[in-house]
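Enquirer: Given next are the chains, with one letter for each unit.
Protein chains: 2
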Amino acid sequence: MPAAQDPLELVARAREGQQRAVAKLISLVENASPQLREVAAALAPHAGNAQIVGLTGAPGVGKSTTTSALVTELRARDLRVGVLAVDPSSPFSGGALLGDRVRMGEHATDDGVFIRSMATRGHLGGLAWATPQALRVLDAAGCDVVLVETVGVGQSEVDVARLADTTVVLLAPGMGDGVQAAKAGILEIGDVFAVNKADRDGARQTVRELKNMLHLREGAEAADHGTGTEPWTPRVLSMVASRTEGIDALADAVTEHRAWSESSGALRERRRRRAQSEIEAISLEQVRLRMEGLRGGSALPSLADRVLAGEIDPYRAADELRAGAVDV
Amino acid sequence: MPAAQDPLELVARAREGQQRAVAKLISLVENASPQLREVAAALAPHAGNAQIVGLTGAPGVGKSTTTSALVTELRARDLRVGVLAVDPSSPFSGGALLGDRVRMGEHATDDGVFIRSMATRGHLGGLAWATPQALRVLDAAGCDVVLVETVGVGQSEVDVARLADTTVVLLAPGMGDGVQAAKAGILEIGDVFAVNKADRDGARQTVRELKNMLHLREGAEAADHGTGTEPWTPRVLSMVASRTEGIDALADAVTEHRAWSESSGALRERRRRRAQSEIEAISLEQVRLRMEGLRGGSALPSLADRVLAGEIDPYRAADELRAGAVDV
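Respectively, the protein sequence lines represent chains A and D.
Per the numbering used here, residue 74 is the first one in the first sequence, and the count goes up by one each step.
Per the numbering used here, residue 74 is the first one in the second sequence, and the count goes up by one each step.
Simulated from the structure, these hints should not be mistaken for laboratory data.
The reader is advised that the hints may include incorrect statements.
Note: identical chains are not told apart, hence a pair may lie in one copy or across any two.
No more than 25 Å apart at the CA atoms, straight line, and that leaves these computed lysine to any residue pairs for SDA-like [said to hold, decoys possible]:
#1 Lys-284 <-> Arg-341
#2 Lys-284 <-> Gln-108
#3 Lys-284 <-> Asp-212
#4 Lys-284 <-> Leu-81
#5 Lys-284 <-> Ala-326
#6 Lys-284 <-> Glu-111
#7 Lys-97 <-> Gly-383
#8 Lys-97 <-> Pro-118
#9 Lys-284 <-> Thr-182
#10 Lys-97 <-> Arg-389
#11 Lys-97 <-> Leu-109
#12 Lys-97 <-> Leu-381
#13 Lys-97 <-> Gly-121
#14 Lys-284 <-> Ala-324
#15 Lys-97 <-> Ile-385
#16 Lys-97 <-> Glu-303
#17 Lys-97 <-> Glu-384
#18 Lys-284 <-> Ser-311
Note that the coordinates shown come from a computational prediction; the quantities given were computed from them, not determined experimentally.
Only chain A is shown next, with the shape it has when bound in the complex (with noise of 0.2 Å):
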């Protein structure tokens, strides 16, 4: 079927809930395949109609758990769910993973629902540069919600923090002294909170830390949030994942969390931030990229010859090489 690698049909494919497209397509920009940018342009249209939902914490806080139970719920409400599970340690990546399968096994019949696995190790600038391609798929594929799923460590949870229209950070009772995110910086970043497990000794004093550190930065962050409405009150709700309490009340703080961002305009400033560092990412990342190769041709060592010789110092056959990295 050569017809399915053509960008635009797949892309049409896609939109009518075709699993397999949004598979292909996932595959063509992660691998940044030649056709990366064709893939780009016919998604174009069809951006920004997703909710992109962060979520992140601590390994064993009960992501994979939670995520899955929220799905159901979301799907509950006749809403289409994407779901990208980032793995910044994993070298492992595609759709096909039997983790997926197992892990989200009632979902796989659905057709409402796409999961798809990404690993991000060895990537440049890991989350940030495949990432944004992969939630562009989902999103022109019809999800009302795409959930990108990350393990809070290091960098990571900064970095879905970026991308994510609203972010839910997950904790648990007992995983350190006190609200352990603190340290992370995670307090920051967290549109919403949820303490899981809340059915274990320590939860309800892990909810009123939470709730006393969040008081403190409202103050100061107020002015940060939206323009001219009512400042966003982080949530911070208790569930137990594992037995779909509280998964209700997550779906709707992450529903009134995309009204309130529609309404104050923090949505539209947030994407449009976004944007603007995604096109910075790619535009150093090509340059980088043309320099590179013009290593193999003869331009970068006749001007480090010249530099050597005395008749041009480095700043000025940087100007040379830009200029002939650049033009296309």
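Dock chain D against chain A, hints included.
Expert: For chain D alone, coordinates are given in the frame of chain A:
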């Protein structure tokens, strides 16, 4: 004295051996002043004479003592010497540091010695960015040898080897089990290895282990050294720098390495690679800075809006941004 600010005038004075002009030029390049490009252009015709000698080693190995003794030895051989002490961890910088004056006390009044400390913390690329320009100043000022002294922590020892024509690795006995060097990968970067504090227990063993390990390296890397002539066999020396014992042999080894690298063509190859990396780094940094400059303008926000509206994809937006960022 406004005339002293003119880069051509400053370079002329530096070439006459005026310490203040040299200090001023290094400050200009170090602070990336607006005159940086004029300075670089004025320096260009006068570069390439000095042998850049990198000196690296773990803290406590005796780098400062060795540097000072080596300066004395090279001065006795009627060579003009520059010293650039690079501290990747220090926030302090500049030529007037009390530490330098004290440490290099005996050379402070010698017109044939130029001494400078540079901090690279916070600089983009650390050593890689400001140091090459500072080396050009000392080179243009007529130094025959420029010693770049840096503490061997993390990436800095590899960086200094990239900048240098000749790399001297200092070791001391009893600073770890056997030759701790192996772990840090310094075996690959050294042209001359000097085991300092050779009057201490274990010095012979350190020398022996070092020679064994270098013997293993030899076969694998011989092809990488020079073009056509005999490969360079790394020298392994013993010394007691605090009593200046073995410093003459160190100076000999450094001089021999220069002679070998000139006749073999290795020097030219190293410098070509270096110039290429530098030109590339400057180009990328220039593009990055210009893009940063565009953030204040209307180009990037308006491109982002067009992406959000689905009019263009981010790759096309990146093309347009790049075109705007690069055209002068």
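Enquirer: May I ask which of the numbered hints given earlier this structure violates, with the numbers listed in increasing order?
Expert: Of the numbered hints, 1, 2, 3, 4, 6, 9, 16 do not hold.
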